[in-house]
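Asks: Given the structure of chain A, go ahead and fit chains B and C onto it with the hints provided.
Below, each chain spelled out in residue letters.
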Amino acid sequence: MQTTGKKKLGVSGLLGKLVRQQMFIPLAALLLLALFNLIVDPGFFQVSLGYNNAGNPVLSGYLITILDYGSELAILAIGMTLVTAASGGQDISVGAAIAISGSVILRVLCGRDSRPETLQAPIIVAFLVACVVAMLFGAFNGALVAYFRIQPMVATLILYTAGRSIAAWINNNELPIISEPSFAYFGGYIPGIPVPTPFFLALICMIIIAIVLRMTNLRLYTQAVGINESSSRLNGLNPELIKVLSFVILGLCVAVAGLIKVSRLSTINYSVVAKDIEMDAILAVALGGNPLGGGKFNMTASIIGAYVIQFLTTTLYKLNVQSDALPAYKAVVVIVLVVLSAPTVKDYFAGLGKKLKSQSMSKEVG
Amino acid sequence: MSSTNKTSAEKMSFAERLKGMSDTNLLLTITIVIFFLMYIGAIVFLGGGFLKPQAFFNILNANAALIILSCGLSLVMITGGIDISVGGTTALISMCCAVYLDFHGGNVPVAILIALLIGLAFGLVQGFLVAYLDIQPFIVTLAGMFFARGMTTIVNTNPFNVENEAFVALKDTRITVPGLGSVNKLGKYVPAYVGVGVIVALLVVIVMFCVLRWTKLGRQFYAVGGNKQSALMLGINVKRTKFLAHLICGLLTGIGGFVYFLYVGSGSPSHASGAEMNAIASSIIGGTMLTGGVGNIVGTFFGVLSLSTIQNIVSSAGLDEAWWTGITIAAMLCLFLVIQSLVMSFKKKA
Amino acid sequence: MNETAVLLKMRGIYKSFPGVRALQNVDFTLHSGEIHALMGENGAGKSTLIKVLTGVYGKDEGEVYLEDKPVTIHSPQDAQKVGISTVYQEITLCPNLSVAENMFIGRTSGIGQNWKKMNEDAGRILQSLDIPAKATQQLGSCSIAVQQMVAIARAVDMDCKVLILDEPTSSLDEQEVEKLFKLMRSLKEKGVGIIFVTHFLEQVYEVCDKITVLRDGKLVGEYVIEDLPRVQLVAKMLGKEMDDLADIKGDQPTFERKEGDLPVFEAEGLQSNAGIKPFNFHIDKGEVNGFTGLLGSGRSECVRAIFGADRIIGGTVKKHGKPVKISKPLDAMKNGIAYLPEDRKVDGIVGDLSVRDNIILAAQLLRGFFRPFTKAEANQFADEYIKLLSIKTASADTPIKSLSGGNQQKVILARWLMTHPEYLILDEPTRGIDIGTKVDIQKLVLKLASEGTSVTFISSEMDEMLRTCSRLIVMRDRRVVGELSGEELSQAMIMNTIAGGDK
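Residue numbers (our numbering), protein chains in the order written: chain A, 1 to 366; chain B, 1 to 350; chain C, 1 to 503.
Derived by calculation from the structure, the hints in this document are not laboratory data.
Watch out, some of these pointers could steer you wrong.
What the hints assert, rightly or not - Example chain B residues on the side facing chain A (calculated, C-beta under 8 Å, incomplete):
| # | residue |
| --- | --- |
| 1 | ILE139 |
| 2 | PHE147 |
| 3 | MET151 |
| 4 | ILE329 |
| 5 | CYS334 |
Unchecked claim - DSS-like, lysine-lysine: derived pairs with alpha carbons at most 30 Å apart:
| # | chain 1 | residue 1 | chain 2 | residue 2 |
| --- | --- | --- | --- | --- |
| 6 | C | LYS81 | C | LYS117 |
| 7 | C | LYS51 | A | LYS296 |
| 8 | B | LYS228 | C | LYS161 |
| 9 | C | LYS401 | A | LYS354 |
| 10 | B | LYS228 | C | LYS116 |
| 11 | C | LYS161 | B | LYS216 |
| 12 | C | LYS375 | A | LYS296 |
| 13 | A | LYS354 | C | LYS392 |
What the hints assert, rightly or not - Over the 10 Å line for every Cβ pair with chain A, so calculated as not near, a few chain C residues:
| # | residue |
| --- | --- |
| 14 | GLY33 |
| 15 | VAL56 |
| 16 | GLY110 |
| 17 | PRO132 |
| 18 | SER143 |
| 19 | VAL146 |
| 20 | SER186 |
| 21 | LEU201 |
| 22 | GLU206 |
| 23 | LYS218 |
| 24 | LEU219 |
| 25 | VAL224 |
| 26 | GLU268 |
| 27 | ASN273 |
| 28 | ARG431 |
| 29 | ILE498 |
Glycine included, every Cβ here is placed at the ideal spot set by N, Cα and C.
Pulled out of the complex, with its shape left as it was, chain A reads as follows (with noise of 0.2 Å):
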């Protein structure tokens, strides 16, 4: 019986399916920009070569600021989802963090000398004091939520209020510019290549956290903790350290963001430097389907996630929206694809579906 009504799933059958796929909503939401910028004006797919004022050639255009400045964003979501899925909440201290790593780099780079005339220290040595710190405030926040039981957003609540007041005490306040062209390569053009530089950043911590996924089990280890932890230290899982390690890796993930974010200035703007990046960084976790209460996780839709999200602000800029009137549009937007994602209202389209296929069905025994 049943295999006969498998043979018999017609197109409706098939596009439910389709619709339950958890990659269904990010690309759906792709399309759907993608399409309605062909129509507004498709000369937002342009894409040129040109040179820049270094005289380097670069390539410019909307697709191609998209792929630039989802990059922090797309780091940022990799970390994210493991947060998410190893304990069911999310971290909105990152912004903050980033101010911290950033401010820290400056610091490592400048010393004393707030406008140094050459780098008091490699920039390698400044992204690692980086890494160390951003892994800490990540240890940090994952031994509140882990040790403490404290949930995820109140825990980096903590530091989402601090993180700002502590990267402007780690320069004294003084706002450290880097006149040394080679920082500015971290966010802009390595000379002689024409896509920016942060898609390469992010395309190798895509790179490493696929090796990791495939080569490791975190996969399994985040997701069995986040589903049933209880379950999970029977079975000789620790817990608690599986949600810090999730965390430590969101701090790895911020050094690099952090990174990005003071090359592109080569300074820092402590309240303004990516603010609002942790709301973008959960919007691109849930756009990709990911349960926010944690368990199971798909990477991959988090990453397409982050890319979709920076698609419609560029997209937003473009048709001239106010930077400060974006976040409305954006609401709009995140709202009308979290409701067609809603369980509810598949269901309610799951239920129209089978009943078309009812009644196509009887027409056949009919």
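Replies: Just chains B and C now, kept in the frame of chain A:
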């Protein structure tokens, strides 16, 4: 049998007593005790400034809006949800009221109506999405916050002060507190006063406390927050309860938004920035648990007072650099969360 | 038995879930003043029928009549309104509210909450039912059994016409069950119709008047209790004659132990922070022993201590005579110990993960973080164990939470078998699962033992323990009070030891 029970009850150990206490009352007690310790500490170490009644009433004046917003947030948190749109909505309300009063020559009662309607509209939509479409409250209200902030800029980009006479008169109304006051430098007795907003805030606290404590609906909020599935089985309309929580929170945001507007007397897109976080922090310090089912409006009231007392202590202690405020609030929040967590786990073991 | 009025009539009920036809054309009739058992294996459709009746699920087709009037029930609230109250196996109360509130919330009219009256009323009901709880106490601070009693008190007080008890006895000890039965009988006198769902056959024959049997979502039949002997009931539930339940011990050869072999596992003065007194314990190769005692006597806590599931605060353990350190589950696993926990839902399954991931979980942990199984390996293992234990699942990719209780239990068992343990601890492996699977599991235990695995088996059903174990450790009030083996293994002797008759 009964007599032995009685003697053992009399000899209850600390741990047993702790265990017998409901989670809500336990956290409330901790909050109030810590607030008084902190305030006494401030008086002892930072001098007489904190001893003047007006110092206390100034805390109330400055935080009337936050108290109201926190009440709404506590309610939503008790049902196991969250609302991070309250700050954005407050800014939107201030801006809309300001534009209406100054650019369109409006009057105050209609402005209040506008404030309430905006708040209710947010509560209505968010409540519907959260309760009936079962979308995560964090995402819904995050979008709400984005929307409100964005709309504020769309309504008017530049900050400006409201000059409507009736409004300014209401804003400057001072209500003296009978029997309390202090002698100023010139030797003149100055009675302590509070603004209109404080009266509204206190009324809200009282009403909300009564609703949560002495009405069936109030207890349903706790039941839903305690265990959604069980609440359903107990015959509670979980969806409607959640919806109502958001709706009431929206209404309170409307009231709180206007009280905020009354205090600042201007419209600006950057108004009430971070108010949602302060409100969440206040609720948590006040003993509301984000997991739901545990919390008390009186605790929330003390939560707001604790938070602002700490801020005052920091600035009086001469740590004027801007970052200290952020860091101390965070440290305070951290302390409270850790205390709560330790007490709860101790209770579980006891 | 005189014919009384028909209280509840369900006719032609259909209900299906994606991929499953849970109920097909099921009829059910309940008379007033009748205790009616609803029986069937897991997945037979008992719970679905109950949930359709109480409005948790909507039905696809069919009619429900209450006192000959058709009723539509869309939510548990509707059910309460028409006089159908339910007590579920899982506690469906709010732990953060007081006992009194839990008894009255959601079912009284009016806006205000009169605490004084509510607490007084609750106190009176608690007293009349002899429930050891205070009205003002927070529910979360009561024991599970008391919470269950509060749930029943709530249902009883609700002036209900139909009372549904969905496996209410699985977390109660015998005295509490007796109290519950007394309650049920007095309600019956008052004309309440009671639907009683349970896995315990003895209890059915003790209190019920009629039995309705379901199998595979279909109605098998309705019987008056006197007309249906136990053996036939089991046959009806399983759809085949039961012949092998009686003596399965004889089927398996016992493991031949060599002289001078040290015990596989030995503990001395072991104590955990779960409140048990220090205890000594040992198990030989190929031996099946068990912990017995009343609920709450510390059976589970003992095996949890052996496995390192609770914090160990004293004692030494030896494996094959060599001292080892077991402070967390992973240590125990590395020493070849496997533990199937008591609470399948909370401690066993990882709900959203697939059957495959649930099977490989423990073995994967032992292999280590950096050496994941390949997809092919995982699939192969999963298929192997699905076949070996005949786990009924659509595929290895199906989330475990959509399986029936018995099949979930088999998956957890597969998980531990895959680690090839030397010593397997099974804590209530047969609770809440159907008879067929129960027998399968008992047979498996004996088979494993004959192959040289040591097994500790815990069950609330004494005859199960007597069938499988060759040595029983008896517990009372969180301490070991005796040990029985050989000729001493009898129901009477166990009862005697538990009751303290050995002194």
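Asks: Against this structure, judge whether each hint is valid.
Replies: Now for the hints, and whether the structure bears them out:
1. ILE139: With Cβ-Cβ at 5 Å, under 8 Å, it holds.
2. PHE147: holds, 4 Å
3. MET151: Holds, about 5 Å.
4. ILE329: This interface hint holds because 5 Å falls under the 8 Å limit.
5. CYS334: With Cβ-Cβ at 5 Å, under 8 Å, it holds.
6. LYS81/C / LYS117/C: holds, 22 Å
7. LYS51/C / LYS296/A: holds, 28 Å
8. LYS228/B / LYS161/C: holds, 26 Å
9. LYS401/C / LYS354/A: It holds: about 24 Å lies between the C-alpha atoms, which stays within 30 Å.
10. LYS228/B / LYS116/C: Distance of about 26 Å is within 30 Å: holds.
11. LYS161/C / LYS216/B: holds, 25 Å
12. LYS375/C / LYS296/A: holds, 17 Å
13. LYS354/A / LYS392/C: holds, 26 Å
14. GLY33: holds, 41 Å
15. VAL56: holds, 16 Å
16. GLY110: Check passes; 32 Å lies beyond 10 Å.
17. PRO132: holds, 28 Å
18. SER143: With a cut-off of 10 Å, SER143/C remains clear of chain A, as the shortest Cβ separation is near 19 Å.
19. VAL146: The claim holds: VAL146/C sits with its nearest Cβ about 22 Å from chain A, beyond 10 Å.
20. SER186: Label holds. Min Cβ-Cβ 39 Å, cutoff 10 Å.
21. LEU201: holds, 30 Å
22. GLU206: holds, 35 Å
23. LYS218: holds, 15 Å
24. LEU219: holds, 20 Å
25. VAL224: holds, 35 Å
26. GLU268: holds, 24 Å
27. ASN273: Fine: 15 Å to the nearest Cβ keeps ASN273/C off the interface.
28. ARG431: holds, 16 Å
29. ILE498: holds, 28 Å
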